[in-house]
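Student: Given the coordinates of chain A, work out where chain B should sit on it, guided by the hints.
Residue numbers (the numbering used here), protein chains in the order written: chain A, 1 to 250; chain B, 251 to 550.
Calculated directly from the structure, the hints in this document are not laboratory data.
The beta carbon of each residue, even a glycine, is placed where N, CA and C say it ideally should be.
Calculated pairs, BS3-like style, for lysine-lysine (alpha carbon to alpha carbon, straight line, at most 30 angstroms):
| # | chain 1 | residue 1 | chain 2 | residue 2 |
| --- | --- | --- | --- | --- |
| 1 | B | K288 | B | K427 |
| 2 | B | K271 | A | K164 |
| 3 | A | K239 | B | K320 |
| 4 | A | K239 | B | K271 |
| 5 | B | K469 | B | K545 |
| 6 | B | K288 | A | K164 |
Label-pair restraints from in silico Cβ distances:
| # | chain 1 | residue 1 | chain 2 | residue 2 | range |
| --- | --- | --- | --- | --- | --- |
| 7 | B | G415 | A | G129 | 56 to 62 angstroms |
| 8 | B | E371 | A | T29 | 39 to 45 angstroms |
| 9 | A | W10 | B | R312 | 31 to 37 angstroms |
| 10 | B | E371 | A | L2 | 24 to 30 angstroms |
| 11 | A | L24 | B | R429 | 45 to 51 angstroms |
| 12 | A | W10 | B | G309 | 35 to 41 angstroms |
| 13 | A | P100 | B | H480 | 57 to 63 angstroms |
Incomplete in silico selection of chain B near chain A, CB under 10 angstroms:
| # | residue |
| --- | --- |
| 14 | F264 |
| 15 | K298 |
| 16 | S302 |
| 17 | S324 |
| 18 | A330 |
| 19 | R336 |
| 20 | W340 |
| 21 | V349 |
| 22 | Y350 |
| 23 | A354 |
| 24 | R355 |
| 25 | G360 |
| 26 | A362 |
Here is what each chain is made of, one letter per residue.
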Amino acid sequence: MLDLFLAEFWRSLLFLRRYPLELLGAVVTLSLLFYLLFLGARFLAGPGAEFGGRLEAVLVGYLLWTFTLSAYNGLSFGLMEEAQTGTLEQVFLTPYGPIPLFLVRNLAGLLSQGLMVFLVALTLMTLTGARLAFAPGVVLPFLVVLLGGYGLGFAMASLALLYKRVGQLLGLSQFLLLFLLQAPGEGAFLLLPLAPGAALAREMLATGTPLEPLGLLLALLNSLAYFLLGLFLFRLAAKRARRLGLLHGY
Amino acid sequence: MELLLEARGLWKRFGALEAVKGVSLALAPGEILAFLGKNGAGKTTTVKMLSSLLFPDEGEVRLLGQDPFKEPSSLRHLGAVLEGNRNVYWRLTPLENLVYFGVARGLSLGAARKRAQALLEEYGLLEKAWVEVRHLSRGMQQKLALLQALIHDPEVLLLDEPTLGLDVETALLMEAKVRELARRGKAILLTTHQLSVAEALAHRVAIIHRGEIVLEGEKEALLTRFAGEHYLLELEAPPPLEVLKRLRALGVEGEGPFLFRGDGEVLWKVLEALRPLPLKRVAKAEADLLEVFLKAVGHA
Chain A
1 MLDLFLAEFW RSLLFLRRYP LELLGAVVTL SLLFYLLFLG ARFLAGPGAE FGGRLEAVLV
61 GYLLWTFTLS AYNGLSFGLM EEAQTGTLEQ VFLTPYGPIP LFLVRNLAGL LSQGLMVFLV
121 ALTLMTLTGA RLAFAPGVVL PFLVVLLGGY GLGFAMASLA LLYKRVGQLL GLSQFLLLFL
181 LQAPGEGAFL LLPLAPGAAL AREMLATGTP LEPLGLLLAL LNSLAYFLLG LFLFRLAAKR
241 ARRLGLLHGY
Chain B
251 MELLLEARGL WKRFGALEAV KGVSLALAPG EILAFLGKNG AGKTTTVKML SSLLFPDEGE
311 VRLLGQDPFK EPSSLRHLGA VLEGNRNVYW RLTPLENLVY FGVARGLSLG AARKRAQALL
371 EEYGLLEKAW VEVRHLSRGM QQKLALLQAL IHDPEVLLLD EPTLGLDVET ALLMEAKVRE
431 LARRGKAILL TTHQLSVAEA LAHRVAIIHR GEIVLEGEKE ALLTRFAGEH YLLELEAPPP
491 LEVLKRLRAL GVEGEGPFLF RGDGEVLWKV LEALRPLPLK RVAKAEADLL EVFLKAVGHA
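Chain A on its own, in the form it takes in the complex (with noise of 0.2 angstroms):
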């Protein structure tokens, strides 16, 4: 297992180093997303507005954002070129099986998806002038909340083996995923998705709190629970592709 994980994260490396201009990409319209938007809340509150701590805890709710996002697609958008490039049938011919293997794509793709967020938040950390300084015990809930965008990602990714094209629904889904980010963590947000990490490192940004840790135990049950039905519901999804005769085609 060690080895497939060398060999998927050498890939990723591969497709880092040979199409520079993907992540080119994707750093200059996530910067340029944030910035227009920096730029409009700037102009609606006046010249003198000063965002204080406030611009800090919204870049770092920006990232975990970004960092969620290719969390959660990464692994559709990866089965749906798959599929129209005609790849799809090979990768399910591994011994492993299509989901260790795809498991541990996702973690192999994390220094890449890691890379572009780095990216990311050093260009809007020039651009708005934004000093990210906080607490490292903020990776932690950073962590369980990528953990629940991968257990989306998988439920999300069993509809693009069933159903190929789902690039509109996955690009609505990015507001959802926005909106769970953003959702307060106490009643009964706790039991969204992601709700409870996002809240936890919100509340540790903007008011300087200590981790707490009942609070970083919700937030991983959470988590742990959506990761799991994501897997499940991706394992039902490739029995039926399996019946149907799926996995071929686009």
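Tutor: Chain B only, in chain A's frame:
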């Protein structure tokens, strides 16, 4: 003999369409089975079931005695070139593809790299090892698709149209390689529309028509069976009219060459009728796989 791949009573329906009806196949080490059929006959559906990419509604598949649907680890014994698929990543080079698929099929990174280089050298692709696949010719891509199936040295190979669209030289090379793989003990299922390729390579033949196997057997036995008692006769010059009439009366058909369908006893009467005209050739007619295929599909 130990069977490497065995399928028993495979059925597959897509809605009202019965794509495959009770297909059973078996492959032994060193054997090439040509699996033939018209478009839509059920070949690809069967191949997909054999490779565990498609669940059969009924029946079972055994790969070295294991069920690949329940035990995906058994897929390390299988390599496949699937028709209509690229089979490899176009944005990677041949070496990168082979190393990736080698590891994905259970090899260690080091072993995959070593084997990939050996295969690229053996198949004359080493100088293109670092060129992205999308820049390679069709023949090279097809060779690479075969290497991708061979990278983990599986015992069973499913080759769906491996020589389709290749130039003569590359097709001949692929044929030679497939023959060599069988000599090394691989069990190979070959589906193709190129009956000459099937005839050149196969030890056994199975013909599927409308989802059912309508003919299966050793190639040589089938060719002999379908050749029947046919003889070809050629003369140095066209026979006079009265001789021709005698020949027709004995049931000889055609003209240059003449074709006689009958047993060897009556053949002597035909030869008697031709005496003393100079003969150019008398031979027992041989059936080819095309004839066998057309008869099997026509009678089904």
